[in-house]
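Just so you know, the protein sequences line up as chains C and A, in that order. Letter by letter, the first sequence follows residues 2 to 114 of this note's numbering. Letter by letter, the second sequence follows residues 31 to 146 of this note's numbering.
A portion of the hints provided could be inaccurate.
[Unchecked claim] Capping the alpha-carbon separation at 25 Å, the derived lysine to any residue pairs in SDA-like fashion look like this: (1) C:K72 / A:Q71; (2) C:K72 / A:T134; (3) C:K72 / A:K39; (4) A:K44 / C:S86; (5) C:K2 / A:L146; (6) A:K39 / C:S86; (7) A:K39 / C:S88; (8) A:K87 / C:P30; (9) C:K72 / A:K44.
Don't read these hints as lab results, they were simulated from the structure.
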Amino acid sequence: KNQVEQSPQSLIILEGKNCTLQCNYTVSPFSNLRWYKQDTGRGPVSLTIMTFSENTKSNGRYTATLDADTKQSSLHITASQLSDSASYICVVSSSGGSYIPTFGRGTSLIVHP
Amino acid sequence: DGGITQSPKYLFRKEGQNVTLSCEQNLNHDAMYWYRQDPGQGLRLIYYSQIVNDFQKGDIAEGYSVSREKKESFPLTVTSAQKNPTAFYLCASSTGQGARSTDTQYFGPGTRLTVL
C-alpha cells in the first residue's frame, strides 16, 4: 500500500530561525513529489514539485530535496517568518495505475515572534 | 480571474439532512476531486472525476454522492447515511493528464461542514 509519512507532527520555532521538515514514502512506481502549504482553514497551495531526476528545488525561502533511492524528501525553510505558520503537506504521485496522489498527514509549523 | 471556488465556506445542518457542497472551476481542467480533511489526518479522497459524466469512488465514498454534468462543476452531496459528516471538505482540479510532472492539483478554499 502506498504511504507517505511526515515528521515531526508539529514544530515550534522562533521567527528568523531555519527548520527542516521530513517526508518518507513507499509509493511505487514513483512519479513526482510535491510539497504543499496549507494555512488554517484554507486549501493547500503548491510550493514545489520534483520528479525522479530532480534532487533539489527552491521556491524563495523554501528548498525541497529528494533522494529517490532512500525514498526521502525534506523541506527546508530559511529565515522563518510569522506567515510561515501553517501545515506543510508532502504528496507523492505514482506513475502506475490510477494517478491519484497519496497525501501525508502534514507537519504543523508555528513560528513565534 | 481564474481559479476554483467552493461555497459556502461554513455550513451547518441538522443530523439526518442531506446537504450539497458546491465546487466550480474556470481553469478548463478535466479532472476534479473531493477530499475530506479531519484534524491530525491527511486528506482522504471521497470521489474523483476525470471527465464529464464520469466519476469514480475514492477511499471513503460511503455516504456521499457526486455528479459531473458540466466540466466546470462537481457538486458533492453529503447524505444522511454518512455517519460522521462533520469535517473540512476540499475540492481540487487538475488537467487530468495523469501522473505527469505538470499535473498539479489546485485546491479550493474549502467548506467546513458542521452537523448538529
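Hints and how they fare:
| no. | hint | result |
| --- | --- | --- |
| 1 | C:K72 / A:Q71 | 21 Å, holds |
| 2 | C:K72 / A:T134 | 20 Å, holds |
| 3 | C:K72 / A:K39 | 37 Å, violated |
| 4 | A:K44 / C:S86 | 34 Å, violated |
| 5 | C:K2 / A:L146 | 35 Å, violated |
| 6 | A:K39 / C:S86 | 21 Å, holds |
| 7 | A:K39 / C:S88 | 19 Å, holds |
| 8 | A:K87 / C:P30 | 22 Å, holds |
| 9 | C:K72 / A:K44 | 45 Å, violated |
In the structure shown, a violation is registered for the earlier hints numbered 3, 4, 5, 9, in ascending order.
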